[in-house]
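Q: Please construct the entire structure, taking both the sequences and the accompanying hints into account.
So the sequence lines, in the order shown, correspond to chains A and B. Using the working numbering, the first residue of the first sequence is number 1, and each one after it goes up by one. Using the working numbering, the first residue of the second sequence is number 1, and each one after it goes up by one.
Because the hints were derived from the structure by calculation, they are not lab data. Wrong hints could be hidden among the right ones.
Said to hold, decoys possible - Derived EDC-like pairs (lysine to aspartate or glutamate); straight-line CA-CA distance at most 16 Å:
id, chain 1, residue 1, chain 2, residue 2
1, B, K122, B, D97
2, A, K102, B, D20
3, B, K469, A, E133
4, A, K105, B, D20
5, A, K67, B, E392
Here the structure is a predicted model, which is why all the values come from computation and not from measurement.
Letter by letter, the chains look like this.
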Amino acid sequence: MNTPEPATVSPSPPPAIWLEKVSRSYGEVQAVRRIGFAVYPGEVVGLLGPNGAGKTTTLRMMATLLKPDSGRIQIAGFDVVEQPLAVRSALGYETGDTGLYKRLKPVEFLRYFGRLHGIEKQALERRIAELVENLQMVGFTDRLCGNLSTGQQQRVSLARALLHDPQVLVLDEPTRGLDILSSSFVLESLKRAADSGRAVLFSTHIMSEVELTCSRVVVLHRGEVLAEGSISGLLERTGEGTLSRAFLALVSQRDAEGDGP
Amino acid sequence: MRFRVIRTIAAKELLESFRDRRTLFLMVFLPVILYPLLLLLVTQVSVSQKAKLEAKPSVVGYTGADENHPLMAILAEDRQYQLVAVDSPDHPLDPGDGGLDCLVDVSGWPAELPANSNAELKLHYLSIEDASRQARDRLEGSLSAWSDAEVARRLEELELSVSLVEPVTVESLDQSAPSQVGGFVLGAILPILVILTVILGAFYPAIDLTAGEKERGSIQTLYVAPISSFEIAAGKYLAVVSISMVSGMANLLSIALLFSHKLLLGEQMLEKVDFSISGSTLVVLFFTIFLIALFFSALLLTVAVLARSYKEAQNYLTPVMLAAVVPASVVQLPGFELTPALALVPAVNAMLLMKQVLVEGVVPQLLFLVAASTALYTALVLMGAGRLFAQEEVILGERGNMTLLARRSQMRPRRRPSSGEGLALFGVVLVLLFYVGSLIQAASPAWGLAGTLWGVVLIPTVGLAWYLKLDFRHTFQVGRPTARSMLAAGILGICSWSAVTFVSAWFDRHVLPAPPELAEEMIRLLSDLEQLGGWPGLVLLVAVSPAICEEALCRGFLFSGLRGRLAPWALVLVTGVLFGLLHLNLYRLVGTTLLGVVMGLLVYKSGSIWTSVLFHALNNGVALLLLAIAPGMLENEMGLPLWLVGVGLAGTAAGLALIARERSPWATNQATD
Ligand SMILES: Nc1ncnc2c1ncn2[C@@H]1O[C@H](COP(=O)(O)OP(=O)(O)OP(=O)(O)O)[C@@H](O)[C@H]1O
Ligand SMILES: [Mg+2]
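A: Okay, structure coming up:
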């Protein structure tokens with residue numbers, strides 16, 4: 001009954017992120033089941049879902065870290081299985097797990113990834129200076145990454161994801177462990193990236209962030225897409241007043257169906 | 001593969017390693033300072049110990065004569081001895097600290113010795129004590145001098161010349177140049193020391209760059225950069241090789257310096273032995289270290305990728321390291337020299353090359369062979385590493401599952417074991433075979449063999465499958481095979497002895513001749529087997545039991561554990577080689593490995609273990625039969641009519657053609673299922 005409604009975006013540009021009937025299991029655990037949705041340039045989309053819903057799995061498949069068992073995923077028009085290197089060039093991926101190298105300094109760390117991305121030397125130095133400025137990392141570029149605070153590390157990590165100026169940003173709980181200043185700063189950065197024409201998809205458990213930042217949301221539950229659409233659309237559909245309540249309603253309604261006979 | 005990327009990765013890994021005190025410690029402190037210092041200490045202590053011993057007179061007890069006895073008179077004059085009269089030959093010896101170093105019983109030596117008679121002297125000593133051995137050597141020297149003088153005296157009395165009893169005089173003159181002697185001594189210690197340093201140098205970075213990175217979570221970051229897993233593997237490899245090479249060379253240099261400055265040994269020693277290493281030798285030695293570093297870095301890195309955590313990696317690598325020390329020490333045995341065949345054996349070849357360079361100098365052809373084969377093995381291992389780096393497990397590393405150590409009640413039922421569980425089981429069975437199996441087979445060849453197969457091979461295999469809650473159907477792949485694959489297995493089982501005997505006979509003749517005891521041992525086993533109740537018992541024990549027990553392990557648990565982790569050809573090859581190793585017999589390794597490969601092929605193509613069980617039983621049965629008809633086969637004489645061999649070879653070809661046409665049920669989706 002709840003196949004996702006097709007995205008109601010004008011015929012315009014091709015999707016930057018596009019999934020079709022994607023499934024993935026770990027041994028006997030079916031983590032993601034035939035999911036599909038799309039994200040377009042200029043959008044910030046939130047990926048919501050309770051613990052174990054399959055968000056990380058989905059995002060990892062987009063980042064070519066995991067292969068889908070079946071279905072297709074395209075990032076900026078490239079297929080994740082067929083053209084993984086092109087996908088990685090077009091994608092900025094960041095999670096709490098994309099750790100830093102503790103014995104490198106932030107600038108060395110960024111330089112390293114810049115080289116791996118094949119950015120030419122002067123352009124790279126300029127880009128790093130720009131990111132250090134924009135992400136307010138000036139105070140700690142000379143310390144080893146292992147000695148930075150969580151929020152500082154998160155900035156370095158975000159700078160790494162933005163380094164090669166990717167068309168698509170995919171982030172798994174980018175604000176986990178951050179204080180309110182840092183998280184609103186991160187969200188602002190994402191918004192700015194979308195305003196300059198990039199597609200942004202991020203997962204989170206914090207509904208207020210979604211309300212603030214996202215133009216659309218995708219709700220995952222037990223590995224399936226439960227709902228997809230604008231926030232106002234979701235509120236309307238569930239008849240609730242806030243996104244949190246709408247989310248709870250959706251999930252518990254589905255659980256009741258699932259547990260029934 | 002882009003070299004720019006590989007270089008970038010290597011440079012970054014090196015930078016990070018140098019910022020780590022542990023690496024520096026292993027790379028600089030140990031090889032440059034600690035090892036040479038220890039060597040120096042040990043040599044000096046043993047030299048001074050020896051000098052101390054030589055300076056001390058030996059305390060010799062005597063009984064059966066008084067101090068006027070001619071022997072005592074001679075000994076008493078000699079400052080080497082301090083004589084003590086004791087009342088009985090049973091007087092206890094207490095060498096070293098003032099007690100008796102040895103004791104002479106002179107009762108068989110009358111004080112007045114008639115000219116034509118022979119006296120008898122009993123010398124009691126303790127072979128385990130240095131002081132006592134030294135006293136014995138001194139006494140023997142004095143006695144033979146006395147004896148020579150006595151012979152000369154007696155001959156003179158008879159007016160005869162000494163040449164009557166000594167028609168020839170031997171004088172040995174050592175023609176080895178001092179540098180060769182030095183090289184010989186160095187050849188004995190340097191390889192093991194340098195190899196240890198090279199491996200230790202690679203040990204820590206190999207773990208840090210793989211399992212360590214998994215544990216810290218930064219590996220995911222690397223995998224979202226637009227670079228291939230082969231580039232990652234190559235970059236990390238380059239870093240590990242550099243570090244291990246630097247520590248090996250630093251070690252060699254500091255030892256060479258130490259030796260050439262005569263710090264190690266006393267002056268007299270240095271007249272006979274020249275330890276200095278010439279510049280050209282040093283260059284070749286560096287090259288050898290480079291080869292050793294190439295190979296072991298690849299090996300350690302590949303093994304370390306399999307581990308999910310630092311700890312686990314240490315557990316995996318330690319046995320690899322110990323295994324490397326074994327060839328290093330074997331190589332030092334006299335008589336082991338670099339031959340063209342040994343130049344093809346990985347690891348051993350480079351160590352032998354090092355020894356050869358030190359003792360005899362370089363043989364360019366052999367140097368080339370060693371370099372080429374090492375490069376080949378390294379490339380093969382690296383290709384494996386590249387594949388392993390591409391595995392999703394590398395990225396999912398944070399989910400460490402040490403299922404083997406968990407309690408059964410906490411386990412989820414699964415279809416089949418993991419590759420780690422398969423290999424762990426194999427390792428345990430191998431060790432059990434070595435200790436328990438050989439023990440009970442020594443007690444009773446026949447019953448021991450039965451006990452080994454059922455108790456040591458089958459029970460642990462089935463037991464572990466039960467403990468891990470594995471699905472027996474999938475773990476032991478007991479599905480039903482097609483009629484065609486069973487037919488192929490049957491034909492091959494009856495015929496492939498021909499090809500296998502052929503190959504192992506060649507191997508026996510040209511590479512590694514089996515000692516004759518091997519054949520005798522097998523015949524002895526057979527005669528013992530007949531006590532089992534004749535042929536039915538024999539067939540049950542030699543044909544049916546291995547077919548069930550060994551297959552459950554090799555083509556069951558191990559095979560299903562590795563399936564999907566390895567490419568089909570690698571799966572068949574690896575299980576085949578492991579099956580060969582299981583027989584714990586170097587001389588039969590080639591033959592058994594070949595059989596293992598055929599059985600792996602059968603199971604892979606048919607998807608069913610029954611094909612290899614049939615093959616195994618028939619093959620062993622036929623071997624038994626042939627043994628009864630033509631025992632000469634055991635000595636690889638192939639005491640069989642040529643037509644029979646021809647039929648066997650034709651049948652083998654037909655069977656292989658048949659199975660080749662099967663389509664493996666796993667051919668399409670190996671990763672899943
Ligand atoms: N490496 C793995 N091995 C086995 N099962 C896994 C693995 N990774 C995830 N899973 C399982 O897959 C399902 C989806 O996990 P996933 O991490 O994608 O969820 P998530 O939505 O990111 O959850 P969270 O909000 O807690 O981060 C879960 O049931 C989880 O237990
Ligand atoms: Mg998650």
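Q: For each hint, tell me whether it holds in the structure or not.
A: Results for each hint:
no. : hint            : verdict
1   : B:K122 / B:D97  : violated, 23 Å
2   : A:K102 / B:D20  : holds, 10 Å
3   : B:K469 / A:E133 : violated, 56 Å
4   : A:K105 / B:D20  : holds, 14 Å
5   : A:K67 / B:E392  : holds, 8 Å
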